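From just these sequences and the hints, can you work out the full model?
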Amino acid sequence: MTAAPVALQESTESPGRFRRWLTSPTGAQVTAAVVFIGAWQLLTLIAPRVPSPASVVNFLYVEITGGSHGGIVTGEFFEHFAITLRRFSLGLLIGFVAGVLVGILIGLSGLARALLNDTVLVLLTMPAFVWAFLTTMWFGIAWQAPVLTVALSAFPFVAVNVAQGTRAITPELKHMSTAFEVGRSKQFRHLIVPAIAGYIFAGLRFAIIIGWNGILLSEWFSGQAGVGFRTRYWFDANRYRGFVGWVIVFIVFIVVVDRVILNRLQKRAFRWRDQSDVDFIQVEEGQVGL
Amino acid sequence: MARVVIERLSKTFPPPQKGGSPVVAIGDISLEVDGNVFVSIVGPSGCGKSTLLNILSGVETPTSGTVSVTEGDSPAHLGYVFQDARLLPWRTVIDNMLYVRDDGEAGAARAARYLEMVGLDHTHDMFPGQLSGGMQQRVGIARAFSVEPDLLLMDEPFSHLDAITARSLRDHLQDLWTATRKTVLFVTHDVVEAVQLSDRIIVLAPGGRIFDDISIDLPHPRRAADPKVATLQAEILGRFEEMQPSTAPA
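Chains X and L supply the protein sequences, listed in that same order.
In this text, residue positions in the first sequence follow the working numbering: the first is 1, and each later residue adds one.
In this text, residue positions in the second sequence follow the working numbering: the first is 1001, and each later residue adds one.
Please note that a few of the clues may not be correct.
[Stated by the list, open to error] Result set (SDA-like, lysine to any residue): computed pairs, CA atoms no more than 25 Å apart in a straight line:
no., chain 1, residue 1, chain 2, residue 2
1, X, 174, L, 1018
2, X, 267, L, 1091
3, X, 267, L, 1125
4, L, 1018, L, 1062
5, X, 186, L, 1112
6, X, 186, L, 1018
7, X, 174, L, 1127
8, L, 1182, L, 1076
9, X, 174, L, 1050
10, X, 267, L, 1123
[Said to hold, decoys possible] Counterexamples of contact, computed for chain L against chain X with all Cβ distances above 10 Å:
no., residue
11, 1165
12, 1178
13, 1200
14, 1213
[To be verified] A short list of chain L residues far from chain X (calculated; beta carbon distances all over 10 Å):
no., residue
15, 1014
16, 1022
17, 1031
18, 1036
19, 1057
20, 1076
21, 1113
22, 1117
23, 1119
24, 1121
25, 1160
26, 1164
27, 1182
28, 1234
Don't read these hints as lab results, they were simulated from the structure.
If you're wondering where the values come from, they're calculated on a predicted model, not measured in any experiment.
Don't be surprised by glycine CBs; every beta carbon is placed ideally from N, CA and C.
Have a look at this one:
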């Protein structure tokens, strides 16, 4: 009496489980990836200039392992990647710190808002390629151009979001802090920064994407090394699998930074509220994005 | 042991609409509070109770008259309990306590002691969002006591809580006050609450005038269930109704 229904249940459950997996978020993501690669493969059949997925994977393998691309050209993945990462980190750090400080200033002081708000909004509308061109005109072919491009493209996204967040801090908590005579630096660390953490993350996300775009453009135009330079090298050499291979590297880099680093930092910062993952390019109310 | 002297204090706010008449929140109040007493300021909404606390804490300035809050010869050190707990949601309970006064080990020990006194010694590492409204308000009370103020200002601290929680918190507050004997100015619209807690009740009427000044002579700590407290509560409520029904507090 008890054994039969169990056996019945098991036999009907296995196809059900697969169907359930297929319609789960993970299943849907895998399906999307398979469809994308399939479509790509089909495209190579009708458009011969489009490199196939297999040839791109093969290119990336040679590029990363430092093997020979044929002749004397060898893979140089880590050399270029390290140079770009260094420039990107420095530029992002400058743009981020400046953005947080200016954002808080705009959020707290009416005078600072009147002085700086419009400037920041103008910077926000400036496309990254304008900075890539301008900094190349100023510095020529030098490391300052890509660093400054990243800083200038990242800065306004951080500043605008942080300013929004600072203005949204509840006056009750400020009043409480003033009433208990809590010092300014303590208020900054324990009240202002945690209160705007969500806005800082939103700003940082956009800053990373925009800054990464900026550095690729800057290196494309003026670099003698770096991932942007290397991408152009393959483009100029008419080796499209190299070009597409590097584009995939850019995408993987952004996804890894977002999913692995930012999501972990965010979870840590929001331990206090039961905060679920914030998805890629998710804009909360009042936050300013792309 | 703070001393509060209020002389001919008045506060008028500009008219809320163009062409309207100015709003008189406080009209010519003189008052003195001295020593380790628990004083309640009672009155209906809009009679200037909170304005009076805001002037004492320096958040608002008087239109005329003077206030002085002193401890000996120097300005008194103040503590606050607000209507809502006003805790930093992203800091643990113990960190919220240390936020307002952190002087190393002594501060940590004091914070722990006051949390224990309000029955919350198990919540040190919890975030405010994990506590009920009543527990949060107890943290707010412990925080105000932990700065060891000369004068404690409390602005309707139980008005946002349900009746049963409020009743238990009043008992907690009585224990805490009996143990520490701070000078307290407690704003409320609830006469019954004021009778249980206070040594003295100052009744304000609309227009910000002092309507009555009542001494309550019962030993602390007083329990809400104590028949003596209940009798006195009924008697004083009766006095309000006799005196002037239209201005009597609810």
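Quick rundown of the hints versus the structure:
no. : hint              : in the structure
1   : X/174 <-> L/1018  : 30 Å, violated
2   : X/267 <-> L/1091  : 15 Å, holds
3   : X/267 <-> L/1125  : 18 Å, holds
4   : L/1018 <-> L/1062 : 22 Å, holds
5   : X/186 <-> L/1112  : 21 Å, holds
6   : X/186 <-> L/1018  : 41 Å, violated
7   : X/174 <-> L/1127  : 19 Å, holds
8   : L/1182 <-> L/1076 : 12 Å, holds
9   : X/174 <-> L/1050  : 18 Å, holds
10  : X/267 <-> L/1123  : 22 Å, holds
11  : 1165              : 21 Å, holds
12  : 1178              : 24 Å, holds
13  : 1200              : 24 Å, holds
14  : 1213              : 27 Å, holds
15  : 1014              : 20 Å, holds
16  : 1022              : 24 Å, holds
17  : 1031              : 21 Å, holds
18  : 1036              : 22 Å, holds
19  : 1057              : 6 Å, violated
20  : 1076              : 12 Å, holds
21  : 1113              : 18 Å, holds
22  : 1117              : 19 Å, holds
23  : 1119              : 23 Å, holds
24  : 1121              : 20 Å, holds
25  : 1160              : 12 Å, holds
26  : 1164              : 25 Å, holds
27  : 1182              : 15 Å, holds
28  : 1234              : 36 Å, holds
In terms of the numbered hints stated before, the structure departs from hints 1, 6 and 19, listed from lowest to highest.
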